[in-house]
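Peer 1: Got chain A; can you put chains B, C and D on it based on the hints?
There are 4 protein chains.
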Amino acid sequence: MIEAGILGATGLVGQKIVKLLDGHPWFNVIAVAASERNVGRKYRDAVKYRVQGDVPSNVADQEIVDIEPKAMDKADVIFSALPAEIANRKEEDFAQAGKIVVSNASAHRMDPDVPLLNPEINSEHLALIDDQRRKRKWDGAIVTNPNCSTTILSLSLKPIYDKFGIVNVFVSTMQALSGAGFPGVASLDILDNTIPFIRGEEEKMEYETPKILGSVTKPADFKVSASCHRVPVVDGHMEAVFLETKQKARVDAVIQAMEDFSGEPQKLGLPSAPMKPIVVKRERDRPQTKLDRLEGRGMSVTVGRIRREGIHEGIKYIVLGHNIIRGAAGCSILNAELLKSKRYI
Amino acid sequence: MIEAGILGATGLVGQKIVKLLDGHPWFNVIAVAASERNVGRKYRDAVKYRVQGDVPSNVADQEIVDIEPKAMDKADVIFSALPAEIANRKEEDFAQAGKIVVSNASAHRMDPDVPLLNPEINSEHLALIDDQRRKRKWDGAIVTNPNCSTTILSLSLKPIYDKFGIVNVFVSTMQALSGAGFPGVASLDILDNTIPFIRGEEEKMEYETPKILGSVTKPADFKVSASCHRVPVVDGHMEAVFLETKQKARVDAVIQAMEDFSGEPQKLGLPSAPMKPIVVKRERDRPQTKLDRLEGRGMSVTVGRIRREGIHEGIKYIVLGHNIIRGAAGCSILNAELLKSKRYI
Amino acid sequence: MIEAGILGATGLVGQKIVKLLDGHPWFNVIAVAASERNVGRKYRDAVKYRVQGDVPSNVADQEIVDIEPKAMDKADVIFSALPAEIANRKEEDFAQAGKIVVSNASAHRMDPDVPLLNPEINSEHLALIDDQRRKRKWDGAIVTNPNCSTTILSLSLKPIYDKFGIVNVFVSTMQALSGAGFPGVASLDILDNTIPFIRGEEEKMEYETPKILGSVTKPADFKVSASCHRVPVVDGHMEAVFLETKQKARVDAVIQAMEDFSGEPQKLGLPSAPMKPIVVKRERDRPQTKLDRLEGRGMSVTVGRIRREGIHEGIKYIVLGHNIIRGAAGCSILNAELLKSKRYI
Amino acid sequence: MIEAGILGATGLVGQKIVKLLDGHPWFNVIAVAASERNVGRKYRDAVKYRVQGDVPSNVADQEIVDIEPKAMDKADVIFSALPAEIANRKEEDFAQAGKIVVSNASAHRMDPDVPLLNPEINSEHLALIDDQRRKRKWDGAIVTNPNCSTTILSLSLKPIYDKFGIVNVFVSTMQALSGAGFPGVASLDILDNTIPFIRGEEEKMEYETPKILGSVTKPADFKVSASCHRVPVVDGHMEAVFLETKQKARVDAVIQAMEDFSGEPQKLGLPSAPMKPIVVKRERDRPQTKLDRLEGRGMSVTVGRIRREGIHEGIKYIVLGHNIIRGAAGCSILNAELLKSKRYI
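The listed protein sequences derive, respectively, from chains A, B, C and D.
If you're matching positions, the first sequence starts at 695 in the working numbering and goes up one per residue.
If you're matching positions, the second sequence starts at 695 in the working numbering and goes up one per residue.
If you're matching positions, the third sequence starts at 695 in the working numbering and goes up one per residue.
If you're matching positions, the fourth sequence starts at 695 in the working numbering and goes up one per residue.
Only chain A is shown next, with the shape it has when bound in the complex:
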């Protein structure tokens, strides 16, 4: 078993990492860190637990430690669910101390020497680690996973990009409340409402997507334009995608490409890899957030309504994914599994 530490363990994503690692075949949580006011308290007392079921018993009674490498010196892998502004420096401290940091934070995602991994798409970006170690003179490493909306979008784009090429992407999101963390959005602000603004989200989708789909050295050569909106659902981000392809793509060929799609995690049989990264629904009114967000135990994205888009002879479709599982905690864990499988951990 590999010993794991979690930074930001009391937040929504941190809680979910704790939950998903409960009973994990490879990783064992031995340390949980959170903000100073909680240090020294038992995890079960400090956490405002919002995951269904009980706090996993192996973590419940652990005392929360400082967000410092010396407080986690026995851990072989560090999961970071820190807020971006804290993550920036802290994650570097851990990498400097020789730790492999698997981060869900946005701080280092766009650093040229940091892999931004959505493992079914670009596992070969792990090659950046050598570069990173050389430049930064550290033995550890930082590996990141994308913003939740980007993770979901990019997975659906990959088979199309490979087979038909992409010229540009318009995407409009309907995002869940859990994406804003806890306490997040006030109930008075969202019940019977839609809020057409999520800070930084559009920029993240527009910058991160080409990096993920590009080569190790160069972003993909298409552009993304996003409009991001919060709707009153608990979990699950839905995205309406309009895209212009390089070669004309027939609807049935797109469906085929998505259904055939599979990546390195499936090949390696990683424990958290969904059998099918993309599930295609044929019913005309699917995917639906409530019905489909847990597809593949929340690790698959679900695509539906694949249809012709008449303006550029392109394609439009709907993609849905679980923002906290595939889009955050689960993707971090899948990254860690990939790192272990490739002997970085």
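Repeated chains share a single entry, so a pair holds when one copy, or any two copies, can fit it.
Below, a list of computed lysine-lysine pairs in the DSBU-like style, where the Cα atoms sit at most 30 Å apart:
| # | residue 1 | residue 2 |
| --- | --- | --- |
| 1 | Lys768 | Lys736 |
| 2 | Lys970 | Lys713 |
| 3 | Lys736 | Lys975 |
| 4 | Lys1036 | Lys764 |
These are calculated hints, taken from the structure and not from any lab test.
Peer 2: Then chains B, C and D, alone, in the frame of chain A:
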């Protein structure tokens, strides 16, 4: 006072027409028609009233009549809120009988000789009435208002189209439950959910928009591609719009064009005309459905987040409107006011 | 394996029975019946499936049969999730044909010779079956489970009743949408709303509770007064209970009695029996519908806020249960397991 | 015009007071106070405005002042919407400085010399002001209105208490999100959920109700037992009431008493007095929160489902009121109107 009859008076849109005509300075409801099983019942007993407040007293005790011209022979204007499949024939019967039919139904919207009016945009399309009468050999007329999402979208497009030209429009909607009528969407289907399908809605947006923004004889020469979604809000359709303009449009110039925009209803001072057809919000997280849907007593649309769209050097923005008021009942009434003002009634 | 048939298999409760029997160690679904218009269609095509995940594969391709004994002659146990008005006669037909009918319908619940079973409370009421067979001259039998709200309430009352006696019970419910079936409550009627009326529900709670807690021959000698309300939650009925006890009951003694409580299903180790029928929460703001409704895989009820009630020196508390699992499908299955274990099947 | 100051003007209740006083015939807002960090900012910039429509123009540009008497020395009446812990001392400071403080805060409600006014019920309690001034040696005065749930409950009890007497009251509430202020309840905590705990609410209902319905010197001699719950609705508290009356009360007699009920505000024709303090609904599924909360511009309570309660031959019914209007801001204003009318201001 002009005597008015209402077809489909017990549905959600019919109820709202009854409400908005309560105390109207020009129109007086003298007859309400609904499906056969309700004929003979008092309106107050037949209606499952879903509008805030009481059933207007002048209508509450009227007996529901058949959807037949002879049952409304004293009415000078007929408001139709019938389902499309019934509207087709029934509205023709009324026009044949010499009535002016102001219809919210989709049945005749795309008929080349039927005006599809969003009165701030294309009041000159009333000229089609002569054509219609000549061809169809009737003294009455059918005038329609657009689908709710289209009404809202087209209003926001008009000043941009006039000033900069439009090449194409991508639009993704987040639509309210009331758009599906009553009982409409089952609560189990929509609480904590988003449904990415509304039957016929995308086609309506794609076909109706160019007709409205075109000349009397020719649709506008841009294309619309829509993706339509139902979200759990009661009233108010929000739309994310991406558009490529013919001439480059600076954000501040677009704001200026929208704020300066005004149409025939404002010039004529029609009773239901909002002071400003388009209200521009400067706050970065507006418009919001719950906060802004009643802008201009529900007759204005609210636009916000006007920003550059990087793919085609275009513009993206959010537009919100009240689907039952601006998008249906209120637009029908504004059409009737225009018709009276132009002496068609 | 015991062969099982399901009546009303396409409704919400029927769907859940199908789901809960998927992989059940004792029962195997061999026939599904529904209303005439669906007969002959495959289950997967006829059902508007509202349970998370896929239709269980062993049932998905079964053809729907008539609600007639001859269409299910191979089944050894019949689960009925029929609407009350149909259940009345149909269930009798099946019992007449020698079948054991385990019914969730209200039709026969108050028949003096029909057991109304909440198995942790009154498994001894099975003795009524002999009576029933004698009187009705049939080889089969009808066994019912209570109304969902009653199931949840009565379970929480049982240990108090046994230990302290009960004089009377005031109960006010906050009930989930799924309790109304599908399509059930219109979304426009319940979003941002509370509806203080559920047809027949208060009467069911008032009559059924004393029957369940009584002896085989006589209802318990306390009275229940209920007020029932629908709130916008998907699953889970919450109930605020005020009760006057015969002997003064201290809060800690009530907690103890509830935590110690266990019944025949636990003793027999029935497959669907929750480890603890009543889970007591100590946090001051629990149980909560969303967080606790799946306690014991939905078969436990959760009690919290047990506190003194100052008017009659009584007790007040909150009880929550999953209306579709414990309150319907799961309780029917637990009844069937009890029947098998007692060799009635 | 009487000059008014508002303490806690940026909170939800403070905002509503500002809104309701916009265009008020007697009161003119000349000063708004809020917590230190907002002092000096314009009201429109400091407030996170959550009331429909725009910030009233006469207040929008006022600079926020300190919560100190000297900052409001021109005001003749002070509305307090302060949090309880701050209200305690600050309200005394204002009264000491000679101001009439009309408070929505709980701090002084149960002080024996402070009137707890629900003006249709106990306007004669104003007599306590003399007592208060004598004891506390100040020229000003503090007058309070009850907790929101209590205001609504007590209004419905008054005609029954007067006509039949009351032995005891069990009440179970379903309370709106706006009752928790802003930001209040996190959306993740309440969407698809019910929370059976509101801090201090049950105690307030149990203590305040007898004080309001009692004489100037003595609380009423019945007991109240409350269970309070938060449900996902925006505005409007619904309460299920079970009550034992001294004399047997027939349902039709209760309806009559409620419909005939009227109080001092109606007699005096106060500007904010609803025509009918209690509106009785005959439909079996009313009142409903969304449909009825604005009855009497939010100043009436709506009662329905008045029916026999079988345990004590009592009565049970549902009462609904707007928690922010009748239950807070509107009741404070009605109190101020009463004070002016009685020449205390």
